[in-house]
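Protein chains: 4
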Amino acid sequence: MATQTHKRIPVAVLGATGMVGQRFIDLLQGHPWFELVALAASEQHGGRAYSEATRWRLPNSEMPTEVASLPVVACRPEALPGVKVVFSALPGEVAGDIEEAFARAGVAVFSNAKNHRMASDVPLLIPEVNADHIAAIAFQRKERGWPGFIITNANCSATPLAMALKPLQDAFGVRKVLLTTLQAISGAGYPGLPSYDILDNVIPYIGGEEEKLESETRKMLGSWQEGQGFVDAPLAVSAHCTRVSTREGHLECASVELEREASPEEIIAVWEGYRPLPQQLGLPSAPEQALIYRREVDRPQTVRDRDAGKGMSAVLGRLRPCPIFSYKFVVLGHNTIRGAAGGSVLNAELCYAQGFLTDL
Amino acid sequence: MATQTHKRIPVAVLGATGMVGQRFIDLLQGHPWFELVALAASEQHGGRAYSEATRWRLPNSEMPTEVASLPVVACRPEALPGVKVVFSALPGEVAGDIEEAFARAGVAVFSNAKNHRMASDVPLLIPEVNADHIAAIAFQRKERGWPGFIITNANCSATPLAMALKPLQDAFGVRKVLLTTLQAISGAGYPGLPSYDILDNVIPYIGGEEEKLESETRKMLGSWQEGQGFVDAPLAVSAHCTRVSTREGHLECASVELEREASPEEIIAVWEGYRPLPQQLGLPSAPEQALIYRREVDRPQTVRDRDAGKGMSAVLGRLRPCPIFSYKFVVLGHNTIRGAAGGSVLNAELCYAQGFLTDL
Amino acid sequence: MATQTHKRIPVAVLGATGMVGQRFIDLLQGHPWFELVALAASEQHGGRAYSEATRWRLPNSEMPTEVASLPVVACRPEALPGVKVVFSALPGEVAGDIEEAFARAGVAVFSNAKNHRMASDVPLLIPEVNADHIAAIAFQRKERGWPGFIITNANCSATPLAMALKPLQDAFGVRKVLLTTLQAISGAGYPGLPSYDILDNVIPYIGGEEEKLESETRKMLGSWQEGQGFVDAPLAVSAHCTRVSTREGHLECASVELEREASPEEIIAVWEGYRPLPQQLGLPSAPEQALIYRREVDRPQTVRDRDAGKGMSAVLGRLRPCPIFSYKFVVLGHNTIRGAAGGSVLNAELCYAQGFLTDL
Amino acid sequence: MATQTHKRIPVAVLGATGMVGQRFIDLLQGHPWFELVALAASEQHGGRAYSEATRWRLPNSEMPTEVASLPVVACRPEALPGVKVVFSALPGEVAGDIEEAFARAGVAVFSNAKNHRMASDVPLLIPEVNADHIAAIAFQRKERGWPGFIITNANCSATPLAMALKPLQDAFGVRKVLLTTLQAISGAGYPGLPSYDILDNVIPYIGGEEEKLESETRKMLGSWQEGQGFVDAPLAVSAHCTRVSTREGHLECASVELEREASPEEIIAVWEGYRPLPQQLGLPSAPEQALIYRREVDRPQTVRDRDAGKGMSAVLGRLRPCPIFSYKFVVLGHNTIRGAAGGSVLNAELCYAQGFLTDL
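Chains as they are written, first to last, in full-length UniProt numbering: chain P, 1 to 360; chain A, 1 to 360; chain V, 1 to 360; chain F, 1 to 360.
Possibly wrong hints are sitting among the right ones.
[Stated by the list, open to error] Just a few of them, taken from the derived set where beta-carbon distance is under 7 Å, the chain V residues facing chain F: (1) Thr246; (2) Leu277; (3) Ile292; (4) Arg295.
[As the list claims (entries may be wrong)] Quick list of the computed label-pair ranges, beta carbon to beta carbon: (5) V:Arg48 with A:Glu211: 49 to 57 Å; (6) F:Arg275 with P:Leu281: 44 to 52 Å; (7) V:Glu66 with P:Val94: 53 to 61 Å.
Keep in mind the hints are simulated off the structure, nothing from the lab. Just so it is clear, CB atoms sit at the ideal spot from N, CA and C, and this is done for glycine as well.
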């Protein structure tokens, strides 16, 4: 990556007081391209300092002093003058309208909310998976008459799955994937899951999650066809989603049916050799290895592997033949970093590197 | 069931000091047909009183006073004179030879060990699933020249799966089942899993478990053919086994392919109407309902449902269409009761009720 | 206890939808003296059936069918005609006024709320500790002009402490007690503690708990002096309260300074020989042993001992000399049974047995 | 600190395969003064490569490539030629003799084992607490005729307590401290505590821990008197030790009796202004702040504060009056870093900085 000599781009976080908002703030500290200049949240905070409006909840980290005294402003474009890029950690109940208002006002919106993910002109973007979907932005801006645009990151459980499948799709074709997720409590936000519901327990249900995992995976592994829009991958996905007693890290047990035969060695080689665009470009938040394959018989494990690549890698293991489909394997991703704030920061870096943030 | 007027049958527990051994003792307290008269374990205990040889580990229960002063004898038939029925909680390293020695000595062995489960003349028995496999005993005794016999219960994760599938197989046929298990730490015995390995963690590997789950399920859902032996069910099984941070209860997320079409209502009706032999016979340890279907959107849950039917029922829920196979569902079973000691006690009750324990 | 030939007394639960309310319902099922005839909660439930207004949360138990169809009425005396005894599981924000309204209307109120616990004319009652405080009722009724009355049970962490100290006070005198509590998450109610706050964590703070523990203990171990009111015990109490990752059971590590010398054997004898009024009277909810002393070096333990005496006993252990005070010991009590609903049911039973419920 | 221009000192780890041994290796990676050149453990490993002899267990870290191929040699001085400094993570069963053999052979031993901690000529050293105890080394070498010497770090629960008390002792005098510890499972080593023993549980007993905590604290807060030896501080200590379900971090609730009156502000000022020798010298492993006082009402918390100062700070909070002694407070320390390997590395750094490692 060329050294950064220009001035950093001023950015803001929408929904800055919640857990994903805090992750955005944490990840933007000292960012080489983006300068966090403003924080926005619901009107109830009415201009109070961030340190007064927020209880910092990230473990092993303190509220950065740079943001403690920033006022928490309303989530309206006019409250954020000069800001051309926003990261949205807004809840689904309000994200839809607010994000559109910013795009309409000429702002690039990188969103973690679910609202626009499946829209026919909004990229559901993982730079390692479908960087070419970024082409939909031109269509989106034209179609909607927006000077800005919206790009979303994927659901936290769909992200590691798509990262694991993409190189398999490219090399061997993927017909079917049937998986069970074992998801961390932080995926439910804060306060999220009552402790009495999960201690010594498994909850085999997460509202809407199975549907999202199934549809988002097909969209991301599909293609953007000029004049036709997004075309889903011809891939059957079936998900069982469960909540288990872990803090961070979604672990997924998947069985996959490939189109062409492949040996375990070939598959592992494809995963380990995977070096997609973010790694080629050296994006600041891109992990050295997008995919890490563990050869130990019992890895990846949630507590031991979730922080690999600073929480931005997907960690794989246990590739073995499946009696029903081609192979079984395990994949793990950090849900509040790669599967949320980190994913959107990487999306913004890709846009920056490809010149999409310069004409705003 | 007719009232029990005869004298109770004297029984013993092999491997009485471990966790499954303790469960056997607990379940045999006040049993209407069996009288626990002796305890056996490894020679190291050399005749010490049970209360000295053992630390009682079952939660919410105390060592029964009746057994506290019993001497712990060696696992040899001659050390257990007059005992015609033994329950084996022996570890796999020693169970094979010891159990055969007892059968050779004319004792009926009801075993929780894995050693003989897949033998071609040993029933792998769940009374609600394959009571007819008991017919193999006559062949076993003749073939091996044993006056006694061996009957095994199934692996703790295979048990609730087989119970869930059997009525589906009878009503609609089952072609394929692909599942992920979320298994409790007690499944690893004691001391078993180090706490540092599982707190805030998932371990997506249990040695040998996936193979056992796959092969045992096919055997149990298969048939015993006179002159031909056990014939596996024509059913493809693929399992992912994981360990999670729960004390008891194995929860399983399964996708199943049926041979014939069935509506969700029909399937639930088949499960709820299931009334197999143990329930017909009113066996003392048989739960009122072998299968319980929960209609809540997020049930069964490990901590809330594992004790249903005193730990002897399998609890089902979340039946819904699968995008790849016919249906997805969740099933839960108590691993140290139904999936271990309780399973073998029920096996012995079935044998008793059908007259197999009278001629020993 | 004489057999109960009279009609059972009709009772109601206030705050019936929460966790303590559910415990009340659970404990009143099949009660020999009380018949649960009505359920009340906040007006928002507006007469809906209990099964519609409530999600049953007690583990290993189902909503009793007898209450499922009961309408949830408002917490006003006129909405509960014919009810002369209510059990209050109301939150502190509303309990004060509501409970007074019932007492004013002639109802006996047995409350788990904190509001009236420290009032100068309200018994803070543990039948095994200060049954004689019940004498304050006559004063309360006269003073306030109420045909009914209010009796409260103690805070969940104060209860096992007071039970442990009372026999020591009687036998040896108690000057000081300094303790640390390790309290279960259910003590915070439902939804209570977010899971992300407690998994792999200890929170060394529970708002208001240390103050309650200190003041309630002094009141309960004190005396009711006719014409003078409640006189605190001359006992210094200092508490550190922490929240740990357990479902039920408050464990407390205490150092105690006695007035007179006593050997460990004498202390244990006093505890084990303790047979206060509820046990003498054979009250239906009284455990056989109010205090159980465990001689193992590492007991009591939360998960293993909390259900002793169906959750109504206090379990003691580890008595040993303290380098600073006389002795150290550990005590454990079930917080949602003995320390909440069970405590109030036992209070009502004591009142019944002593004739306080007949003239309402 | 002057820049390090000399060659690094070659060091080895004894007991390199266990959890504390792994922490030593982790902390010595890239150390400016020490170069890890050899690894030793029990003879059973017989010269195998470290990567074959060891399963790396530290979360979020991999076995350093520099050590993976090192042979694991025996714990004998002749097997470690050229090594003048060893860090001992040996278990108590063998540490005594082995450590003495090394000291006798002219090696400086920095030990985490308990064996020599209370010896009358061995410093029990926390550089922030009793750096002057290092003077005992000259006596130890002369008395025992050893060219080398042994220095121990304190028990993991005694360490944060001593750090919290030392500045209070200096400023106000400390007469008594009564505390309860809530200790993490990693304190029991690996495999250590069975998971079935601790999930949903508290164990109010840790063998030998209370005695160690009491005696070590008095030694560390005492003085080294030339010609007289170690003189215990005139301080009464009483400890209750418990095990809770946390991975790392020992949290302690303490009540302290001071000799002189002090306001909360004065105490907090003393803690926050504490800047002992390691911080003055800028030792590489010394945290910027030895003591961190949190002003939030509910801190420190185990999961949120254990990593403060890279696990080398003690974190304080909740200072408030005690109804019995002067004050109550909470202190937290990382048990496997500051309370074990990190403590000994800091001890070695202090010795290096003060010239004790140059004449070996």
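Results of checking the hints against the structure:
1. Thr246: holds, 5 Å
2. Leu277: violated, 30 Å
3. Ile292: violated, 15 Å
4. Arg295: At 13 Å from the nearest chain F Cβ, arginine 295 of chain V fails the 7 Å test, so the hint is violated.
5. V:Arg48 with A:Glu211: 49 to 57 Å: 51 Å Cβ-Cβ, so the 49 to 57 Å window holds.
6. F:Arg275 with P:Leu281: 44 to 52 Å: Between arginine 275 of chain F and leucine 281 of chain P, where Cβ atoms are some 46 Å apart, the hint holds.
7. V:Glu66 with P:Val94: 53 to 61 Å: violated, 44 Å
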